[in-house]
Amino acid sequence: MVGLRFDLRDTPPGSATLRAELRAFLAEQGKDWGPMERGYSWMGFDRAFSREVGKRGWIGMTWPEAYGGAGRTALERYVVLEEMLAVGAPVGAHWIGDRQSGPLILRLGTEEQRRDFIPRIVSGELAFAIGLSEPDSGSDLASLRTRAEKVPGGWKVNGRKVWTTNAHRCDFAITLLRTSPAPDPRAKHQGLSQFLIDLRASGLTIRPILDLVGEEGFNELTFDDVFVPDSLVVGEIGKGWEQATAELAIERAGPERYLSSLPLLTAALEDLRAEPAAAEMVGRLIARAGTLRQMSLAVAGMLQDGQTPAREAALVKDVGNDFEQALPERLRDLLMPGRTPPEVLEMQRIMTMVGRSYSLRGGTREILRGIIARQLGLR
Amino acid sequence: MSDDLRAILLDQVEKLLSDAAGPDLLRANERGEWPAALWEEAEALGLPLALVPEAMGGAGLGWGDAAALWQLLGRHASPLPLGEGMIAAALLAAAGVAPRVGYLGLAVDTAPVAWGRRAAALVQVMGETVALQPGPATRQGRAGFAREPADTAAPGVPVAEGRLPPAYGPEAGMLAGALLNAARIAGALETVLAMTVDYANTRKQFGRPIGGFQAVQQLLARCAGEVAVAGVAAGQAGRAADRHGLAGATFEIASAKVVCGEAAHAGAEIVHQVHAAIGFTDDHALHLFTRRLWEWRDGFGAERVWARRIGEAALARGGAALWPDLTTRDHGEGER
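Sequence lines, in order, name chains E and S.
Start counting the first sequence at 165; every next residue gets the next number (my numbering).
Start counting the second sequence at 17; every next residue gets the next number (my numbering).
For reference, chain E alone in the conformation it holds in the complex (with noise of 0.2 Å):
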């Protein structure tokens, strides 16, 4: 379809052994997740977890072997990250790093830094924030004002970033920064650049921002001449909007995208069995997270095969979201207060509320509806 394909993948061979793994350190590990731990999942952070998930090989999966990775396949690891997103494992803490960070550092940092950087990330150690948001660019990314200005030995960093999830428990952040004035206004993705940020630095203030349920998931970053040292630029001075793009795609194209609710469907199915109702709607809901899974894999594919699904990626997260949002309230009509188990109708509630979060981060639904409207040649 119009430049969009999807080829179907098979997931790899052993890959029965690897779930059986998983699901013994789960069912271990999550004895005591509740609605809110499995409500927020992959927002949740949770260290003494990620060095247990970094033990045991399953971050930086796919990274060579001489900075500490396991040199497997992607859908190898995508096997590992769909059992921890289907049961809505904690895996904040080491998430962002192992999605993002880490690829990028591998891609473009200098071999300085993937030796310092890579190995603390495979053991679980470190855990990044994505520094993209500001108070006045959301959408409009390539807006941003923050600016980083040369000065000895590094760059003098000001302004403020928004919106970046668990910050205030993170030990570093990939930032885009401003580092020369755009040279007109239509030109704003000229001059930006990528900066790895200490996040504990001197001048640097994280303060968290309460969400609307009650937590403290993301936070504001202000920067007063935070000193970065030249050592901790990514990739090349001027080239960060085609970085950070290039970065999103890899945010986008994960099993994530469909799964972040499906955990209420799955604590709630005892309970339905006395719903007459149920039936139709329970299998239109799992007819729906098969396909995925399967739009979800063949993505993964594409990126194995060393491919940039940047469109697809955004078609899959449109197409997840949409699913992953509506999960809860289809279930909604079919929970009974009285009759359903409290913890049901509390996960319901907590995804009714995080699940506004689903169509915003990563890129908003209409940011991706403009992508893929783009590749069908509208314009």
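By construction, these hints were calculated from the structure, which means they are not laboratory data.
It cannot be assumed that every hint is accurate.
[As the list claims (entries may be wrong)] Partial pick of chain E residues on the chain S-facing surface, computed with a CB cut under 10 Å: (1) ASP335; (2) LEU376; (3) ALA410; (4) ILE414; (5) LEU436; (6) ALA451; (7) GLY470; (8) ALA474; (9) ALA478; (10) VAL483; (11) GLN489; (12) GLY534.
[As the list claims (entries may be wrong)] Which bits of chain S does chain E cover? Going by a derived footprint, with three or more residues having C-beta under 8 Å, they are: (13) 207-217; (14) 224-230; (15) 238-251; (16) 274-285; (17) 315-325; (18) 335-342.
All C-beta atoms, glycine included, are put in the ideal place defined by N, C-alpha and C.
With chain E held as given, fit chain S onto it using these hints.
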């Protein structure tokens, strides 16, 4: 069938359809005029017997290849009952009865037979029993949305009868038909999306193409999502049928019928909205496709029928089995 052979076959079918099919042929079909020339060409290519094993005179095509072919057929609004004929021949052969040449009408349970009035013989599928009956089906009717002939046969004495092997199960006719309709929906959706993108890029209002408006772009992007979902669901169902047999692929075929049925609705809604009044006219070709989308989502089990099947199985299995059941169906995951 190898990827190369599949590509060659699909190229041939595409050429056949793009030469012959079109609004005029579809309108003639709706007047009850049998597409004789197109059917003869399809027969010359051996297409009606494509799913029949080579030992019985067919091409030995798999369900996955067939689903790809049917998707192609759907792109042209399926101007001949080739899918039905292929299934009829396949099930007859599987039941041990050598298929005969000519159009074989597919009669699943008591459902009407597409173009039954033109059938050389009827293949009546009842559970695991497949019976060959003399054609044609004389009680004439027509499909509610597609308006093409859909006829019923008077009960007759079978010329030959056989039983399907266990891998086909007691619902083989419905499953094969659901796969056919899911694939045709996926194909027809591709065409209406392309038609609508073209229209949006040419139709001007307020001094510019309406495709330049974000409101229209957002609708068409959503439509593209549904088109992609339908294509993947149909493809996955065909692949599963190749690997597990029709009965073994009940989950994937049911899923595809549900998802493609939902996509048929969402897609038709959007393409009509964007086409506005001109797409509501008889003159415009859009409805030749959208009426078939509505026809096919109803045929061989509507969404609610197959959804309930999936849902009942999942409810019986319980929450702990939901995710493992979804993933153990992967190819090669059985090995430990």
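A quick look at each hint next to the structure:
The interface hint given for E:ASP335 is broken, as the beta carbon of that residue sits about 32 Å from the closest beta carbon of chain S, more than 10 Å. Interface restraint check: E:LEU376 against chain S, minimum CB-CB distance 25 Å, threshold 10 Å, status violated. At its closest, the beta carbon of E:ALA410 sits 22 Å from a beta carbon of chain S; the interface hint therefore is violated under the 10 Å criterion. Checking E:ILE414 against chain S: minimum C-beta separation of about 20 Å lies over 10 Å; hint violated.
For the restraint placing E:LEU436 at the interface with chain S, the shortest Cβ-Cβ distance is roughly 6 Å, inside the 10 Å limit, so the hint holds. Annotation: E:ALA451 was flagged as interfacial toward chain S, and the flag holds, the nearest CB pair being 4 Å apart, inside 10 Å. Checking E:GLY470 against chain S by beta carbon gives a least distance of about 20 Å; that is not within 10 Å, so the hint is violated. Because the beta carbon of E:ALA474 sits about 14 Å from the nearest beta carbon in chain S, more than 10 Å, this interface hint is broken.
At about 9 Å, the closest approach between the beta carbon of E:ALA478 and any beta carbon in chain S falls short of 10 Å, and the interface hint on this residue holds. At a threshold of 10 Å, the smallest CB-CB gap from E:VAL483 to chain S is about 4 Å, leaving the interface hint in force. For the restraint placing E:GLN489 at the interface with chain S, the shortest Cβ-Cβ distance is roughly 13 Å, beyond the 10 Å limit, so the hint is violated. The beta carbon of E:GLY534 is positioned within 10 Å of a beta carbon in chain S (closest approach about 7 Å), and the interface hint is therefore held.
For the stretch 207-217 of chain S, the stated coverage by chain E holds: 5 residues have a C-beta nearer than 8 Å to a C-beta of that chain, and at least 3 were required. Three residues within the 8 Å Cβ limit are the bar, and the stretch 224-230 of chain S against chain E gives 4, so the coverage statement holds. For the stretch 238-251 of chain S, the proposed coverage by chain E is satisfied: 11 residues have a C-beta within less than 8 Å of a C-beta in that chain, meeting the threshold of three. Figure legend: the stretch 274-285 of chain S, annotated as covered by chain E; annotation consistent (3 residues with Cβ-Cβ distances under 8 Å, at least 3 required).
Here the stretch 315-325 of chain S counts 6 residues with a CB under 8 Å from a CB of chain E, which clears the bar of 3, and the coverage holds. Residue count for the stretch 335-342 of chain S with a Cβ under 8 Å from a Cβ of chain E: 6. That meets the three needed, and the coverage hint holds.
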